[in-house]
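Q: Generate the whole structure from the sequences, applying the supplied hints.
Protein chains: 2
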Amino acid sequence: MTQYVYAFSEGSKEQKELLGGKGANLAEMTKLGLPVPPGFTITTEACRSYLAAGTEPGELRVQLTMALRRLEDDLGRRLGDRHDPLLVSVRSGAMHSMPGMMETVLNVGLNDASVKGLAEESGDERFAWDSYRRLLQMFGKTVLEIDGEVFSNALDEAKSAQGVATDVELNVDSLKGLVSTFKAVILEHSGDEFPQHPREQLDMAIRAVFDSWNTERARLYRRRERIPQDLGTAVNICTMVFGNLGETSGTGVAFTRDPASGHSGVYGDYLVNAQGEDVVAGIRNTLSLADLKDLDPSSYKQLLQVMRRLETHYRDLCDIEFTIERSKLWMLQTRVGKRTAAAAFRIATQLVDENLITMDEALQRVDGAQLAQLMFPRFDAAAEKTRLGKGMAASPGAATGQIVFSSKAAEKAAAEGQAVILVRKETNPDDLGGMIASQGVLTSRGGKTSHAAVVARGMGKTCVCGFAELDVNSAAGTATVNGEVLREGDMISIDGSTGEVFAGEVPVVSSPVATYLESGLDEALKDTDPDTGELVRSVDRLLTHADSIRRLRVRTNADNAEDAARARHLGAQGIGLCRTEHMFLGDRRVLIERLILASGSEERQAVYDELLPLQRQDFVELLTAMNDLPVTIRLLDPPLHEFLPDRTELSVKVALDRAAGNPDPDEERLLAAVDKLHESNPMLGLRGVRLGLVLPGLFALQVRAISEAAAGLKAQGGNPQVEIMVPLVGSVMELFLIRDEADQILATVAQEQGVELDIPIGTMIELPRAALTAARVAEAAQFFSFGTNDLTQTTWGFSRDDVEGGFFATYLDRGVFMVSPFESLDVDGVGRLIRIAATDGRKRRPDLKLGVCGEHGGDPDSIHFFHQVGIDYVSCSPFRVPIARLEAGRAAVL
Amino acid sequence: MTQYVYAFSEGSKEQKELLGGKGANLAEMTKLGLPVPPGFTITTEACRSYLAAGTEPGELRVQLTMALRRLEDDLGRRLGDRHDPLLVSVRSGAMHSMPGMMETVLNVGLNDASVKGLAEESGDERFAWDSYRRLLQMFGKTVLEIDGEVFSNALDEAKSAQGVATDVELNVDSLKGLVSTFKAVILEHSGDEFPQHPREQLDMAIRAVFDSWNTERARLYRRRERIPQDLGTAVNICTMVFGNLGETSGTGVAFTRDPASGHSGVYGDYLVNAQGEDVVAGIRNTLSLADLKDLDPSSYKQLLQVMRRLETHYRDLCDIEFTIERSKLWMLQTRVGKRTAAAAFRIATQLVDENLITMDEALQRVDGAQLAQLMFPRFDAAAEKTRLGKGMAASPGAATGQIVFSSKAAEKAAAEGQAVILVRKETNPDDLGGMIASQGVLTSRGGKTSHAAVVARGMGKTCVCGFAELDVNSAAGTATVNGEVLREGDMISIDGSTGEVFAGEVPVVSSPVATYLESGLDEALKDTDPDTGELVRSVDRLLTHADSIRRLRVRTNADNAEDAARARHLGAQGIGLCRTEHMFLGDRRVLIERLILASGSEERQAVYDELLPLQRQDFVELLTAMNDLPVTIRLLDPPLHEFLPDRTELSVKVALDRAAGNPDPDEERLLAAVDKLHESNPMLGLRGVRLGLVLPGLFALQVRAISEAAAGLKAQGGNPQVEIMVPLVGSVMELFLIRDEADQILATVAQEQGVELDIPIGTMIELPRAALTAARVAEAAQFFSFGTNDLTQTTWGFSRDDVEGGFFATYLDRGVFMVSPFESLDVDGVGRLIRIAATDGRKRRPDLKLGVCGEHGGDPDSIHFFHQVGIDYVSCSPFRVPIARLEAGRAAVL
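Top to bottom, those sequences are chains A and B.
Just so you know, full-length UniProt numbering puts 20 at position 20 of the first sequence, and the rest follows in order with no gaps.
Just so you know, full-length UniProt numbering puts 798 at position 798 of the second sequence, and the rest follows in order with no gaps.
For the record, the hints were derived by calculation from the structure and aren't laboratory data.
Any given hint might turn out to be false.
Said to hold, decoys possible - Result set (SDA-like, lysine to any residue): computed pairs, CA atoms no more than 25 Å apart in a straight line:
| no. | chain 1 | residue 1 | chain 2 | residue 2 |
| --- | --- | --- | --- | --- |
| 1 | B | Lys653 | A | Asp657 |
| 2 | A | Lys676 | B | Lys183 |
| 3 | B | Lys116 | B | Lys183 |
| 4 | B | Lys425 | A | Gln782 |
| 5 | A | Lys653 | B | Ala655 |
| 6 | A | Lys176 | A | Asp156 |
| 7 | A | Lys653 | B | Ser651 |
| 8 | B | Lys425 | A | Thr648 |
| 9 | A | Lys714 | A | Gln782 |
| 10 | A | Lys183 | A | Pro38 |
| 11 | B | Lys676 | A | Asn428 |
| 12 | A | Lys425 | B | Val654 |
| 13 | B | Lys676 | A | Ser820 |
| 14 | A | Lys843 | B | Val654 |
Unchecked claim - One side of the interface only, derived from the structure: several residues of chain B facing chain A at Cβ under 10 Å:
| no. | residue |
| --- | --- |
| 15 | Leu656 |
| 16 | Asn681 |
| 17 | Ala770 |
| 18 | Val819 |
| 19 | Ser820 |
Bear in mind that the values here come from a model prediction, so they are computed numbers and not experimental data.
The beta carbon of each residue, even a glycine, is placed where N, CA and C say it ideally should be.
A: Take a look at the structure:
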């Protein structure tokens with residue numbers, strides 16, 4: 001027989017999955033001998049069974065009866081007894097905290113008879129009728145799903161009828177009247193009388209908690225928080241204790257240390273003569289917990305002991321709910337408390353210093369997302385702001401500057417030392433310079449994976465995108481938001497952490513953690529208040545510890561010396577991905593156009609001859625910036641038509657010029673080239689190694705530039721550690737063909753320059769086939785680097801552009817995804833391929849180096865997976881390097 | 001120690017992989033006691049080792065010395081002895097026959113001294129010097145790679161100097177002179193004297209054979225024939241016997257039955273006083289083998305006995321090479337002989353009737369490609385033809401008719417009963433009607449996987465595509481080929497089996513096998529000659545046997561009742577894929593346009609209301625044609641913009657109209673819709689289940705139409721066996737969402753119509769993720785159908801369109817593929833996913849039905865793989881159903 005019901009004395013805090021967070025912690029406190037009102041927990045398993053079958057399992061009814069009888073026997077009271085009634089609360093409690101999402105019913109067991117018994121037993125008639133009123137209200141709203149306003153309106157009427165302002169002032173008659181009114185409301189709205197039978201109340205309340213798991217609201221919340229939808233909730237049945245039995249009673253919440261700053265001390269609120277819901281509802285002003293010391297010194301002392309016991313036991317910040325019933329302290333709930341990012345770091349190191357936890361454990365108390373929060377500048381919370389609206393929080397941070405509508409204008413303004421925000425409908429690769437020159441980027445279209453968002457995150461640049469209320473008219477140099485016109489040069493401020501957009505300049509507060517990461521501890525501690533100093537030191541200690549224990553190395557994705565140097569400061573141990581396509585934008589684009597239009601090998605060679613010194617210089621700079629550390633250079637990946645104008649636009653232009661009798665021969669030639677290169681699915685087209693095999697000399701040029709750069713630096717005493725990476729390999733044969741050519745060039749250059757060159761050649765694993773045939777691919781590859789972006793695209797068969805465009809929103813809404821697989825690695829699908837490739841590849845070549853260079857390399861959840869499957873390094877944008885270092889450390893102790 | 005050398009007496013015919021085909025068969029004949037000249041074989045392993053290291057393994061040299069000494073001892077002669085020299089031939093012999101690809105050197109062992117010994121011993125000085133001349137010529141050409149023309153020119157000079165016409169007439173002096181000349185040629189061209197040491201000759205010849213494995217020519221041949229490149233060749237060293245020792249000597253080739261027709265009897269050629277190379281060279285006219293009966297009755301009788309022995313032993317048609325040296329018969333080679341498709345079928349059943357093989361074995365002697373050849377009509381070989389050129393053989397068959405340049409013209413002409421050939425630059429989905437109406441299709445662009453080719457193959461319609469010399473000007477109604485102008489109405493003939501295009505009408509011979517398959521045995525045997533009758537009966541017996549033993553069921557891909565009925569005649573056991581998109585072309589396209597442009601759910605519903613009766617009728621017809629058999633209907637798969645005009649073309653049109661001050665509001669609206677739906681990678685975009693989830697009501701409409709059609713037929717006593725298939729599923733969640741909706745509709749319709757509906761719902765597996773997460777997908781899917789086309793696209797990350805466009809030709813050339821993965825399943829990559837999905841899916845749902853509905857379902861090689869991994873059925877175009885039946889039978893006995 002499955003055990004569906006656990007007495008508090010049977011469970012422990014390890015059983016959260018079965019008993020829910022609240023139930024497990026109630027059990028734990030009971031085990032510790034803390035004053036917990038007796039009760040029991042109905043398991044999440046019972047909930048799942050109920051939800052699947054639409055009715056509670058028969059065994060649950062039986063076990064519930066038995067648990068109830070045991071409780072009644074222990075306390076010597078009966079549920080709903082007409083003399084000395086036992087009352088219980090019914091509270092949901094899932095494995096993961098879902099604040100405000102689920103349901104609670106208090107005072108279950110009261111009815112027309114037992115209310116009198118309660119009055120008699122407590123000697124407080126008003127209290128008894130107020131308790132009954134509360135049950136009817138909560139039951140009506142929660143269990144019978146009657147609009148809560150119906151009850152609160154009636155409550156207001158009663159108060160005005162009696163001529164008082166607060167609930168507490170209502171007298172017995174008013175409360176009795178309210179009970180009648182509420183019963184009538186229930187009959188009217190539900191069609192049934194309020195159930196007088198206590199067990200019926202209990203059963204219905206339990207069912208309501210079960211059902212509350214599946215409300216739209218709860219489902220949405222879980223989706224957002226990445227909580228699985230099929231866990232179910234537990235239900236806690238707990239003997240009622242009352243904080244509303246007069247001046248010696250009360251209820252409160254407390255933290256064992258400050259959840260905002262992490263400082264130790266006693267933090268909390270207390271409300272005299274009240275029940276828990278009154279604290280949350282904020283109806284009356286609460287007292288500080290310190291005030292309890294004077295009101296009830298004995299309970300206060302006991303509470304401090306309990307809190308100290310809890311923190312020592314849980315070895316972490318705890319938050320608690322308690323009630324004092326006529327000077328007797330009862331613990332109603334505890335859990336490890338939420339905290340701000342800064343508090344998380346401070347508390348973690350404090351607990352280490354207090355010898356409560358080890359450094360390894362401390363690392364588990366913080367995460368990369370918290371570190372990221374600490375790295376960004378923020379808007380001054382105290383400043384006045386004019387909010388224009390809210391887009392998507394695409395790349396965190398706070399940025400303020402003059403509006404510019406073009407990349408040119410951005411670059412011009414930046415050259416003049418002006419801070420600007422680039423405002424566009426959407427950005428494209430040509431906006432790179434403009435984005436670099438800007439403080440932040442604001443777009444009206446596109447989501448978190450649009451070009452603007454991805455590039456901005458890569459740069460660590462603030463970005464708000466998909467701000468749909470914004471209507472951009474670049475040509476006119478204006479934009480409108482809900483009728484308000486913004487002009488080029490107007491000040492604007494964007495918050496990439498919240499998506500908010502403000503008119504005017506909002507003062508920005510810089511981040512000391514960022515200063516620490518970029519310039520070291522000494523620099524960050526200069527002119528800093530002790531609080532901030534403590535935070536920076538905490539971050540330093542935890543990050544240093546992470547570095548000392550992690551197995552995963554952290555490299556960066558960087559295409560130029562500047563990014564490389566920056567990433568190196570942030571702790572990057574090399575470059576995992578240098579994309580060479582960025583080296584063909586701007587002025588050099590013309591050369592690529594010439595290459596495409598070349599009519600034979602001679603014309604092509606002429607282009608290569610011009611490109612060679614430029615490419616070589618690119619690599620010299622990069623390798624110099626990363627001297628002594630590995631630098632993986634990817635040969636040209638994108639399809640060539642990405643360097644040409646848009647086909648439709650150009651076709652229209654040519655057609656119009658022709659119609660006007662004014663054809664432009666250059667454009668006509670260009671269009672012919674564009675038409676020739678046109679592909680219906682460029683992502684699945686002629687690019688990567690395919691282009692390298694089809695277009696003679698292209699990869700050879702790059703390999704020669706790389707090897708000449710390395711040889712030159714070596715000859716000058718440098719220590720370049722370059723690696724060549726071939727993109728889009730699907731078959732080992734492709735790699736063999738490229739290798740044959742590359743090996744020859746490497747040998748030639750080594751001989752020409754009189755140095756030894758040891759340049760490993762490896763491959764991206766970004767196609768399912770490469771992963772599936774990894775054993776063979778490893779014959780030709782000295783390393784694998786997983787291109788998780790492309791691998792996600794092909795494994796799922798959708799492109800990021802489409803995700804952006806449309807159906808992804810629906811998919812997130814309808815729960816097909818918990819989170820975009822472009823943000824966090826799809827472990828079941830894409831991850832399985834990575835596992836296959838890692839296993840098979842290493843079987844063939846045990847020393848095969850495995851890296852990740854897709855954007856998942858900087859995603860905390862994904863990093864843990866990469867650690868597990870034995871990846872050697874991740875590579876991410878410079879900004880995310882510290883986050884990856886921290887998470888790699890955390891992965892190592894998990 | 002690895003054994004690199006096997007005496008003929010050591011091997012057997014099973015050792016082809018190690019000894020090559022020739023060596024294994026020489027060993028087998030030796031074992032049978034047939035008169036084989038003694039010798040030994042150097043293994044393919046030795047070759048692989050040589051090719052990998054660039055030099056022969058040391059052990060090989062030792063083993064070769066020992067084998068040679070044994071041979072010398074057995075024969076009592078020494079290689080190159082100056083009195084009674086042993087001479088040997090050195091011949092390549094790979095596992096797979098590669099005719100003309102590899103090298104042979106005869107008479108190894110002759111030198112300036114031994115030539116005299118040979119003259120003395122044979123008593124024929126002329127013979128000895130002629131043999132030496134031959135050695136020098138072959139050695140120079142083959143081993144030293146001197147241009148063969150240098151030798152043949154010298155030979156011609158010698159003949160004219162002596163005043164004779166043939167080699168045989170050359171006298172001893174001329175031959176001696178030639179020997180001197182050839183030695184001088186060798187010295188001049190190779191820089192070295194001809195090696196006089198016999199062992200040096202032998203070593204060099206062996207190395208030359210090894211090297212011949214890797215010539216460009218050999219690599220290309222293997223690629224074309226799908227022979228792996230890494231097998232290597234064996235080398236056979238065989239004692240020389242001489243057919244050129246006068247009138248009692250000779251050489252010949254023979255078959256144990258007619259390889260063209262399959263008839264039993266003695267077929268072959270004989271040449272008196274000649275060596276084998278002379279037969280092949282065709283210098284002199286050969287005699288029929290029957291003539292040998294008179295020339296040398298004893299040898300003839302012995303030869304017939306040997307041939308009978310061989311056929312009985314090999315239990316198949318054998319071809320042989322033999323030499324008679326002074327009336328003594330020697331067998332030089334035998335192998336199972338090649339034969340025509342018709343002969344293959346006839347011989348297979350003949351051997352069964354002769355009790356030499358079983359029906360199971362007979363099935364192994366034929367294949368689907370041969371059956372396909374027999375199904376097509378052909379041009380009369382005897383007819384006069386005017387060849388215009390050659391395109392790609394895209395869909396086999398022979399077709400002749402008047403040229404039409406548009407589908408409309410084709411339909412009009414067909415309606416008038418005229419045979420037409422549709423001639424286009426390329427075809428698109430709108431040409432479907434025109435293609436149906438035509439005898440064949442000819443395009444100037446596109447390859448074997450272009451729209452024209454794929455659709456034509458699907459229809460079993462003749463197609464030649466990529467005929468680049470053809471310049472089509474549809475507007476003018478003309479096309480030119482190399483200056484010759486073709487006009488609409490001109491007769492043209494195309495051969496889809498060879499790619500040839502002919503001017504005028506070439507008479508076509510129809511296929512009796514096709515008649516048999518479509519109309520049954522009786523119909524095919526009407527007015528047929530006995531030869532053809534025998535062929536048709538053979539096909540019938542083998543196909544019937546295949547049907548009786550195969551486990552794989554064979555369904556068809558069909559979208560309409562006509563195709564369904566046709567496929568049923570051809571043996572289809574249901575429909576594995578009904579594509580519903582074809583039901584929205586033509587007149588209904590307008591409705592889809594309206595659906596796209598609909599501004600809300602009401603407008604959409606109006607379109608659905610119009611579509612419902614049309615869709616229902618589609619399904620009623622289809623299910624009626626396939627009554628009693630399963631019919632899998634796929635919900636709409638392609639992106640909606642496929643129903644709209646091309647974006648670039650429309651943009652140009654709209655821009656021009658605007659510029660002319662004459663904007664067309666309809667076009668403007670259409671362009672807005674096209675722009676809205678535009679995707680950069682439509683293959684990876686909003687289609688399949690994604691569209692079903694995003695566009696409310698679309699799948700519901702189709703499910704309703706399907707269930708109403710099924711319910712209606714059932715109510716009328718029919719037995720529709722319909723199944724609903726969801727395309728492009730990547731996650732089980734997608735399928736659950738669609739199922740939820742579909743199940744409701746099915747239940748509603750069943751209730752409305754008062755019948756029970758049992759309609760399984762399954763999914764395509766066409767994305768890697770679906771395969772990788774098959775265990776979960778199987779929770780929601782009652783069947784899997786592998787869409788191998790899309791699965792190939794996503795696994796490799798290339799689209800068919802791109803394959804077409806460009807780099808595929810390079811890939812086939814450079815050996816990345818042996819064959820297009822769209823033609824024959826890529827077992828290592830795509831196949832691994834299929835295996836994973838089959839295994840994991842069945843683990844979760846043991847009765848999961850597994851089918852294949854991509855084009856690989858009709859590909860012989862792929863079918864064997866599908867059988868192996870436990871697929872339940874394949875589905876292919878109607879035309880390929882018999883081929884699939886045959887191959888499924890073959891797979892079952894392998």
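Q: For this structure, which hints from the list above don't hold up?
A: Per hint list: 2, 4, 10, 14, 18, 19 violated.
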